[in-house]
Amino acid sequence: MPFRKLNNVQMDILKETSNVGMGHAATALSQMIGHPVKLRVPHVTITEISQVPEYLGGAEKMMVGITLQVLGDARGSIMLLFPQESAHRLLCNLIGDQGKVLIMNEITISTLKEVGNILASAYLSALGSMLHKTLIPSVPLLAYDMAGAVVDYVLIDLSKSSDLAMLVETDFVGESPSDLAIKGHFFLIPDPSTLDMFLAAAGGDQ
Amino acid sequence: MSEQVSIAEARIDRAPTVLKAYGLGSCVAVGLYDPETRLGGMGHMLLPNRPSSNPHGSESKYVDAGIRQIIDELLRAGANRETLVAKIAGGANMFETSYQTLINSVGARNAKSARQILGSLDIPIIGEDVGGNRGRTVEFDLATGKMLVYCAHTEKPVSL
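Protein sequence lines, in the order shown, are assigned to chains A and B. Number 47 in my numbering belongs to position 47 of the first sequence; there are no gaps in the numbering. Number 13 in my numbering belongs to position 13 of the second sequence; there are no gaps in the numbering.
Treat the hints with care, as some may be off.
Heads up, simulated DSS-like pairs for lysine-lysine below, C-alpha to C-alpha not over 27 Å straight-line [what the hints assert, rightly or not]:
hint, chain 1, residue 1, chain 2, residue 2
1, B, LYS146, A, LYS61
2, A, LYS160, A, LYS183
3, B, LYS156, A, LYS133
4, B, LYS20, B, LYS112
5, A, LYS160, B, LYS20
6, A, LYS160, B, LYS112
7, A, LYS160, A, LYS38
8, A, LYS113, A, LYS183
9, B, LYS156, B, LYS20
10, A, LYS100, A, LYS160
11, B, LYS156, A, LYS100
12, A, LYS113, A, LYS15
13, A, LYS61, B, LYS20
14, A, LYS133, A, LYS15
15, B, LYS146, B, LYS112
Since the hints were derived computationally from the structure, they do not count as laboratory data.
Starting from the given sequences, assemble the full structure and let the hints guide the process.
Take a look at the structure:
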């Protein structure tokens, strides 16, 4: 289905469902790290697939990406992206001093995957109960690399049926001073058929 | 002068332009070069094969169709079919795991498709840096035909 045809009401529905889901996810994250985490109102962006890396701040920016597939009544992918500094701060908060730079080892990888798992589960359970659908996250996968390389994984899946990507984006912002803030992008990338279902279940026109 | 080749794009140019593709994961970059006319092209492709029925989107999204498109454009611009050579980079598996699905191997299938098409067209592949689980940035210098491949976790580029 062509994403371009979404109207403002439908965009609002997606934003609102996402807001609720992200509320739960932010609460989960706050409890986990022991600091309040705010979330910024999500943007729903429809963009050419080729523009997605630019949208993330450049294809070469180093990012930690955690991806999960959405299984159950709806299909799609979730991609959680943390700039490397934020991933580093998150790890310091969760498992103690990490030294000066982000180092990937069994413990840090496993911790970050678990963060992805908790956020995705909180998000999907809120979204699912709102839509009366069962949404199950798959096992999380992690990559630490250039943004372009991390996201092309989900773009490839999407590009089979579309030239446009819909990104439901949310930023996490810690309440502490800006140098300590944890920022992240959360992308819900529904399959085109799943998007129809979301909109129908949320009461919008298809 | 450098020109960016974004995801699902392919472009041709001539010396001294440098064609660049940033942050390749499972995508594959295929560079084609004619050293005599110093015309060259590069594609940044997502999927291995263009489906024969109901293909979706631009040719340069697909490895097979993208390579054919670059060759057509190069020949039209005056390149010699006989002297064309190819270099390939990318096709990584970024999310390495025991939890395998079809998408996990798309990088490998992209690289395989590139080799097959180039083989069937009799265009020699004179350099490749494919596979693994690292993202790559590729610079294809049309002045020399040299392809530099940078990885995020290593300092020195691989020169093809």
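So, going through the hints one by one against the coordinates:
1. B:LYS146 with A:LYS61: Holds: LYS146 (chain B) and LYS61 (chain A) sit about 25 Å apart, inside 27 Å.
2. A:LYS160 with A:LYS183: 30 Å, violated
3. B:LYS156 with A:LYS133: 49 Å, violated
4. B:LYS20 with B:LYS112: Holds: LYS20 (chain B) and LYS112 (chain B) sit about 22 Å apart, inside 27 Å.
5. A:LYS160 with B:LYS20: 24 Å, holds
6. A:LYS160 with B:LYS112: 18 Å, holds
7. A:LYS160 with A:LYS38: Given that 27 Å is the threshold and the Cα spacing comes to 35 Å, the pair is violated.
8. A:LYS113 with A:LYS183: 16 Å, holds
9. B:LYS156 with B:LYS20: OK: LYS156 (chain B) and LYS20 (chain B) at ~17 Å, within 27 Å.
10. A:LYS100 with A:LYS160: Outside the cut-off at roughly 41 Å; violated.
11. B:LYS156 with A:LYS100: Distance ~23 Å between LYS156 (chain B) and LYS100 (chain A) Cα, so the pair holds.
12. A:LYS113 with A:LYS15: Holds - the C-alpha atoms of LYS15 (chain A) and LYS113 (chain A) are around 25 Å apart, at most 27 Å.
13. A:LYS61 with B:LYS20: OK: LYS61 (chain A) and LYS20 (chain B) at ~16 Å, within 27 Å.
14. A:LYS133 with A:LYS15: Holds. LYS133 (chain A) to LYS15 (chain A) sits at ~18 Å (cutoff 27 Å).
15. B:LYS146 with B:LYS112: Since the Cα atoms of LYS146 (chain B) and LYS112 (chain B) sit roughly 22 Å apart, the hinted pair holds (cutoff 27 Å).
The earlier numbered hints that this structure contradicts are 2, 3, 7, 10.
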